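**Student:** Protein chains in written order, with numbering that gives the first Met the number 0: chain A, 0 to 213; chain B, 0 to 213; chain C, 0 to 213; chain D, 0 to 213.
Some clues are possibly wrong.
If chains are identical, the list can't say which one is meant, so a pair holds when it fits in one copy or spans any two.
Once the Cα atoms are required to be at most 20 Å apart in a straight line, the calculated EDC-like pairs of lysine to aspartate or glutamate come out as [claimed, not checked]:
#, residue 1, residue 2
1, K117, D37
2, K163, D135
3, K156, D135
4, K41, E115
5, K163, E115
6, K156, E115
For the record, the hints were derived by calculation from the structure and aren't laboratory data.
Only a predicted model underlies this, so the values are computations on that prediction, with no experimental measurement involved.
There are 4 protein chains.
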Amino acid sequence: MADPCLPSETIRIEAFSDGVFAIAMTLLVIEIKVPGHDLVAKIGLARCLISLWPSYLAFLTSFATILVIWVHHHWIFALIERNDQSFLYWNGLLLFLVTFVPFPTALLSEYLLHREAKIAANLYTGTILAISLAFDALWRHASLRLLSATATSAKQKEARQITKRYRFGPPLYLGAFGVSFLSEAWSVGLCLVLALFFAIRGWPGRGVTDPETA
Amino acid sequence: MADPCLPSETIRIEAFSDGVFAIAMTLLVIEIKVPGHDLVAKIGLARCLISLWPSYLAFLTSFATILVIWVHHHWIFALIERNDQSFLYWNGLLLFLVTFVPFPTALLSEYLLHREAKIAANLYTGTILAISLAFDALWRHASLRLLSATATSAKQKEARQITKRYRFGPPLYLGAFGVSFLSEAWSVGLCLVLALFFAIRGWPGRGVTDPETA
Amino acid sequence: MADPCLPSETIRIEAFSDGVFAIAMTLLVIEIKVPGHDLVAKIGLARCLISLWPSYLAFLTSFATILVIWVHHHWIFALIERNDQSFLYWNGLLLFLVTFVPFPTALLSEYLLHREAKIAANLYTGTILAISLAFDALWRHASLRLLSATATSAKQKEARQITKRYRFGPPLYLGAFGVSFLSEAWSVGLCLVLALFFAIRGWPGRGVTDPETA
Amino acid sequence: MADPCLPSETIRIEAFSDGVFAIAMTLLVIEIKVPGHDLVAKIGLARCLISLWPSYLAFLTSFATILVIWVHHHWIFALIERNDQSFLYWNGLLLFLVTFVPFPTALLSEYLLHREAKIAANLYTGTILAISLAFDALWRHASLRLLSATATSAKQKEARQITKRYRFGPPLYLGAFGVSFLSEAWSVGLCLVLALFFAIRGWPGRGVTDPETA
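With the hints as extra help, turn the sequences into a complete structure.
**Tutor:** This is the structure we're talking about:
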């Protein structure tokens, strides 16, 4: 840790946010509904489980998206050196959207194979788009306001690189939202691909090893 | 941190409380029920989702209220320098009321558009009023008993300012409870406005940056 | 903290246990079911809410019991100075029983006013009795094995006092289990009274302030 | 702690993983369904509760499995000295599989006594097999990449011993998966026995006391 006395305030916000991320990720699974005995009697358990694929896709995509948001959230907190009230409420907005994710996930699981799937996919990709916008706003606020005075030039350079990289997030998720009007399943698949892409891409110029000690 | 050796007792209570706040906030979403196929067949998915607005309002209001309670709870813990058994149980009462919130939230979601909405709104605003009273009791106990001996005069002055500010909480929530007898939706809206008001208003005389290092 | 280098192992077990306690307590609320529209149409929302009193009683009793277990669990961890594998698994057994609590709580909520209430009350009070036995075993193991060599005589004296006090726990809960064969509601009420009693009684010879710094 | 300045990155990943483990374990209980009034009226509450034994078996097995994974996960984190991006995503895969566990657990509870129980047992044991493979991959990556340069020879020796011991995990769980094609209940029982076996067996050459201070 650069600063041995990182304000405990920041640590507590980070720990609280982690709690919310972890719970939101883990709650997703209760939206995968065990098939009822009537349907199993008719088409068999194996086919019932296969027909649940929209639930698996939605669960996997939401899980991966929240996990990647968590990883990046973590990186932001390693960079910032203080926080202010606006930061607290931008973070609150991000958490609000993340805790909302189980609802569009459940809706998508239920209606992806329905003739009104478009609306479910719109809401799902729209929620993820909103998360990417809230994350962007959080980062912009953090990089402009919470780094300026005391940051080393290395941190400032890193912050500029991150800003560059993050500028692709919202337009890409806007694209997924657009695709949801054409093909529901593909728009969700695109969200999954984006989560994997942001996962692999990582942090500018180095691995995860040492965001704080480097 | 003023004291590098803040008793680990206080830290554990704070971490435990944070866990309860985070879970209560995240559990709220499972009370937004995915509309059933029958209703969707009749009025379409879009109109079903729109008719869920009481759920969204209740979710947002409960989330914002618990988030603001968490932020203020956090500030109290930054000020106090020790704890005693009464504090532990006042805190337990606050946590009890916070974990109860998903029930009146679900009740309100289900019955806000029903002719007996008044009872649901009474219980909802009454629960939030009870939370504000429990928080007030926690703060009174903390400021009178857990600060007196060792606090610096700066902390004591801050404590007095907070006491001044908090005296508006319970009467305002009593007002919301009163409004719930006249208009259910407006009483919930008032709770939401109050949460935003206490969020923006913040801590006396400074930002969030440094409650402990300042 | 007596020892600035308390093994991080113990801290992680404590934090993990806290997480389980917090989640189990918060999950209890989702077992209070919002009354259905059919019943509300018949007897009105107010009477529906009143008829849910077994749910409130069960929720309150389970919440208070887990909270008190958490407080005492915390005190044990402040005393022990190391841990071993048996301790880990006694703790695992305690956590297992605590995570099970929402099931007998839900069962009691559903069947306390039913003619087979006795079985629900047996399971409920039996589960709490099992928790008190697991806690007792955890404490016995901790006090005999994890304190002996390095503890100061003050800690050893405290440990002896705690052992004395805890010997009342299992017999009292056995009493509640016995009462569940005579009166279901009273046996649950007795569990609630016991939780409040152990809450107020506290730790031998001092307040909560300083189990570690004293 | 070997290193007083263990990178806070690792601590946060560990804390986040702990949160996911704790929530997944605690959520399992909500899949034990309170028996309905119709069935209770027909066969009595006692027999209803007894007929829920597949739920209890599945709950206990999943709880024990996740608890043991948590304990071992913890030991790995005590050994590694840094992390990299691959580690983060192997860990993410493990967490993904762990959060999925409540679904096959609920499926097994519902269908263990059904004539298509085989499919439920296949999915259940297959999920646990996948967890053991993900854990193995996590450990391989950690032991090869994250220990090599700076580890003391004691740690390296310990790592080699662990690798030796862990090589039994995946084949044993593959066995349980195989048994699930012959007898559903026995395959689940075998998973429970394996969890207890890995629990008792512990860490090479010593107790839990001091993985970090030793």
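**Student:** Taking the hints in turn, state whether each one holds.
**Tutor:** A quick look at each hint next to the structure:
For a Cα distance limit of 20 Å, the shortest separation of K117 from D37 across copies, 18 Å, qualifies, whereas the shortest one inside one copy, 28 Å, does not. Proximity of K163 and D135 under a CA criterion of 20 Å is satisfied intra-copy only: 11 Å inside one chain copy versus 37 Å between copies. When the C-alpha separation of K156 and D135 is checked against a cutoff of 20 Å, the pair qualifies only within one copy, where the shortest distance is 18 Å, while the shortest distance between copies is 38 Å. Taking the shortest alpha-carbon separations for K41 and E115, only the inter-copy value of 12 Å comes in at or below 20 Å, while the best intra-copy value is 25 Å.
In the homo-oligomer, the alpha carbons of K163 and E115 never lie at most 20 Å apart, since the shortest distance is 38 Å inside one protomer and 54 Å across protomers. In this assembly of identical chains, the alpha carbons of K156 and E115 never lie at most 20 Å apart, being 47 Å within a copy and 60 Å across copies at closest.
Hint compliance for this structure: hints 5 and 6 are broken, all remaining hints hold.
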